[in-house]
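Using the hints provided, position chain A relative to the given structure of chain B.
There are 2 protein chains.
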Amino acid sequence: MATTTLKGQPFDRQTMDSMLRRRMFYTPSFEIYGGVAGLYDYGPPGCALLTNIMDIWRKHFVLEEDMLEVDCPALTPEKVLKTSGHVDKFADWMCKDPKNGDIIRADHFVEEILESRLKGDKEARGVKVVDKEEDPKKKKKKVKGAIEAVKLDDAVVQEYEEILAKIDNYNGDELGALIKKYEMKNPATGVEPSPPVAFNLMFQTAIGPSGNLQGYLRPETAQGQFLNFAKLLDFNQQQMPFASASVGKSYRNEISPRAGLLRVREFLMAEIEHYVDPDGGKKHQRFEEVKDIELILLNRETQLSGKTTVEKVAIGKAVADGTVDNETLGYFLARIHLFLEKIGIDQSKIRFRQHMANEMAHYAADCWDAELQTSYGWVECVGCADRSAYDLTVHAKKTGAPLMVRERLAEPITIEEWQIDLDKKKFGPFFKKDGKTVEAAIEALPQDKREAFAQDLAADGKIIIDVEGVGNGKVEISKDLIVIERRTRTENTREFTPNVIEPSFGIGRILYSLIEHNYWTRGTDGGDEARGVLSFPPPVAPTKVLLVPLSSHESFKPLLKYMSLKLRSLGVSSRVDDSSASIGKRYSRNDELGTPLGITIDFQSVKDKTYTLRDRDSTKQVRADEETILKAIKALVEGEKKWADVEKELPAFEGQEVEAELPVKEK
Amino acid sequence: MATTTLKGQPFDRQTMDSMLRRRMFYTPSFEIYGGVAGLYDYGPPGCALLTNIMDIWRKHFVLEEDMLEVDCPALTPEKVLKTSGHVDKFADWMCKDPKNGDIIRADHFVEEILESRLKGDKEARGVKVVDKEEDPKKKKKKVKGAIEAVKLDDAVVQEYEEILAKIDNYNGDELGALIKKYEMKNPATGVEPSPPVAFNLMFQTAIGPSGNLQGYLRPETAQGQFLNFAKLLDFNQQQMPFASASVGKSYRNEISPRAGLLRVREFLMAEIEHYVDPDGGKKHQRFEEVKDIELILLNRETQLSGKTTVEKVAIGKAVADGTVDNETLGYFLARIHLFLEKIGIDQSKIRFRQHMANEMAHYAADCWDAELQTSYGWVECVGCADRSAYDLTVHAKKTGAPLMVRERLAEPITIEEWQIDLDKKKFGPFFKKDGKTVEAAIEALPQDKREAFAQDLAADGKIIIDVEGVGNGKVEISKDLIVIERRTRTENTREFTPNVIEPSFGIGRILYSLIEHNYWTRGTDGGDEARGVLSFPPPVAPTKVLLVPLSSHESFKPLLKYMSLKLRSLGVSSRVDDSSASIGKRYSRNDELGTPLGITIDFQSVKDKTYTLRDRDSTKQVRADEETILKAIKALVEGEKKWADVEKELPAFEGQEVEAELPVKEK
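In order, the protein sequences belong to chains B and A.
Position 632 (the first sequence) corresponds to 632 in the UniProt record's numbering; numbering is contiguous.
Position 301 (the second sequence) corresponds to 301 in the UniProt record's numbering; numbering is contiguous.
Just so you know, the hints here were simulated from the structure itself, not pulled from any lab data.
Among these hints, one or two may not hold up.
Treat identical chains as interchangeable: a pair holds within one or across any two.
Claimed, not checked - Straight-line alpha carbon distances no greater than 30 Å define the calculated BS3-like cross-link-like pairs of lysine-lysine that follow: (1) K462 x K180; (2) K641 x K566; (3) K291 x K462; (4) K425 x K99; (5) K349 x K642.
On a predicted model such as this, the values are computed, not experimentally measured, just so you know.
Same shape as in the complex, but just chain B:
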């Protein structure tokens, strides 16, 4: 599918990119020093867009549901990330070209070589080759060598296709074996890369003056939230369920960053950890409010069938029929959809894709990504995973901290179980220094083993249990030391480790998609170059109102200052453009910045305080007195009215648009 702009025009990324750089939405960091791959600066309009997106995010999620926001450092000591699994597993496989020293991501390399060979095969068979959309999720680095039209055996084609289908599943040795087996050579040098080695994606540093405390920059904000679980539960007066949230920078030392803002080394994340009782089907109290919201859900089966488009389905139905695992997960998918819609993401370019079983972290129960369609393909922008009780469990086990919920039961419950009594007086003296170890091994016996041992004890008068580190690892205990009996016990409280549903937002990716979704170009009568427009909804637009005086005449200055102050007191951001460029030029500069409204101050304004209000998207204008204009602006910016409403209510003005459309000289 070819990508089109908001107005259905063919999308030209290069033109848009050059506009974004020129208007300083973002720009490569440290550019005067040659830049660093994967690091970007946001300029003034980019920053304002970011601030507005985050403001809406906070209102939509944190305030709406009384989430407990925390702000934790990016600097993280190694032991935390060792427990979470990041030190051992947060890595990509990397090869080196022995000839030119190129560093190559092994999975990308195998993928590209095989795809290029398959393309060559198709060409040799006379099949027309259509370039696939570039997909940043797959992080491809274009292979430099040209495609050679070489026909492959049918069996080989099938082998290649099978490898590509499970490319995310291979470990380093397996990738190395594939490279050897299929004689894959770096097209740049013609030599085979070195065997893959694991490259951890975390930035490492030492904390404190001694250099002994190893640390990393966090790769996600989640861990800081988990570590505070007990304090947060306390803050929430022990009430479940609840959510914590965090907004902050995270870091990943990508092997080869690319695709602009989509794959960077430092990025803004917004993460929610919603803690829910694993028992009772993970219901959500407010699910009713969202159940009719329709989403495009690309589940596992659909993906395996090779289909990429599906009908929309109500989230209520999807949870009921088991497509989405539970209500809480479904609730957040719907809320994510509403958020994306609210900031101006094109509804027809959102889909939710379920992770394949092998794509998920081993502890995850289910995971859906909100993907947004861009000229780079479908981009994962929000992940929504059910992380189960994994993180809280491992941190609790490592530190001994009680990262769980103790709930008073409405009715006490009676539990029937196998209990063990030791004759402590005899037991200690008998096992001496090994006493504690043996006792711990006995305490740890699960119910089924206890039952079996009870039978052994009755039959043989002794049991033999495995105790690591004592003698040969087998310990005999006779019936005068131990009693195993089935008894009942009453419980007044219930302890459980909550499961975590985690919506995790990549803000830079959302911001880039938002820009693409709102970009289009306006032709000119004079045959000039088409002019870019960013049709952001007013609430996210970097600046809401442009103030333009008709000319640099002194009489306009007091009114400019007056209107700036008026707008500021209404909480509406505005900018003045009093440069000597024509009004049309000044408006089109601000169309590029996505400024939705413009006020023209002319000689009539000086006389009677009436103003012209211009709409960015239609370039239509209306004219009215100050109070009416300000009221209309406030209603438009707060989303209470659309331009069409304003146009109906206020008299049209056509005086300046003629001049505005004339080709004009630059200042």
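Frame of chain B, contents of chain A only:
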């Protein structure tokens, strides 16, 4: 001076700290793993406070003056920080105790030992020793050994005092010499620490998979702004003056972090870089608006005289009499003062202290710190420096990027100067491979040298100039190769490197001071423990309104939900406390969080939709219908009205306060 609370009570830091931890304003990071010194997490009320402070900051500075906000990565390549001087100079001197391995900051060590000896001397002389305020700026680590009452020679006392007066001026060798000379021993072990070595305070890391690109976490946000100067000037349509601004985390690997939020390793900074033409006295267009604002200005002379208190003076007068170097610097001092006042900093606890000449970076023209008084002493919270043209100049020189302003002159100017012509045809062949080097040396000659050489040439028919790297460094040029003449030339443009005025805010320190300045305790009739109150102004308060139902009766639930929605639609944050604790208890919990207003929902509310509105500070209550109550809340939260106004307008309610004041049982 003893520190007191907002209500003049003796300030008890331990009680306040324990309340702040309990209510999760902030908490040591990674605490369940034993924590890491100098790293803190902000909990929900701390985060909300931070967000509100930053929101006001953006409105007060960025929006008010159309500053150009940029957001740059914390990861910074070494070459940038090499040029800025941080790689070589951003260090403290550090010693090691050879016995126990303690790491000691050398300047603090010398300072503490000498102060302790002076104290011992005073004691021996029978002078009463009063503990000085602890001053975190001086980063003292309390020496563990007890003070020994040993009398010193008068001459030695004078030597010690002189050393202490210039303690910030010594380099590592000098500090080492002092330690040796005065036989300073670590009280913990009785041995002399190792000679001081420089310890760079930046966190180091490697960027990219090769490990070849050395990087650091930025120690300030300023450099990212400077590198973008040319793009920002362009964005601003070449108009001067203008300012950029940045909000983000910065990092300093402190040797021994302490004093809670006041000296940490990762912290939020908000920095403004205001670019101004160095010619014309650095006037500011809006100085007139602030000139009557009165500040406490502790200038260099006053500090040298030993005085610490001075009268307030209008900033207009201070600039006029030269106390403050220029209008732009003065303008920002006043704006900083207004900002601090706006968020609720106690006006009587703000002072501006001028840096001593030896305290400033060598390039700075002037520097004033806004210091806030806390129980730790006066704390530097905002720096306001005139960084001159230093940063832009060094980066431009290193990279060749044009970090300057080219201004069209209103009237062309005529310049009379000594110009040099070389006879290129003869010059090249004569000097051969050295030609370019010699030519560059000639081009670089300043006007005074040119004049002198013109006279030499007339007198001797030749000149001898210094050219490094050519022959013996002396090059003879005869008059057939060179002409030096005084001529006039017309200039239409003027080029200059702007000077930078930099207000730099340590947000964590401001936040902590704000908490201290608004803390007090309310006694109880029943003799219970005094209850903490944080009297934040409504605009910064983490939550604006507490909603409390009289009891957990079902009939209150719809109204709670209704009022929550109502408040949210007004943009007012609220929280419900429907726990079973008494109303009084619930209110006092929220006084600790600084929630300024409370709405009680009782049976009367269910009947007629009237509500009680409670004021945190006075605990007074008024009662009115929904619309009136909401209007009052909006006016209070937006700072348009004070509680006194509301109390005058609406009927008082005294029904519940009796219960609220009763000692109550915890839930």
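Verification of the supplied hints:
{"no.": "1", "hint": "K462 x K180", "verdict": "neither (58 Å within a copy, 73 Å between copies)"}
{"no.": "2", "hint": "K641 x K566", "verdict": "both (20 Å within a copy, 20 Å between copies)"}
{"no.": "3", "hint": "K291 x K462", "verdict": "neither (59 Å within a copy, 94 Å between copies)"}
{"no.": "4", "hint": "K425 x K99", "verdict": "neither (73 Å within a copy, 47 Å between copies)"}
{"no.": "5", "hint": "K349 x K642", "verdict": "within (23 Å within a copy, 49 Å between copies)"}
Hints 1, 3 and 4 from the list above are not met by this structure, while the remaining hints are.
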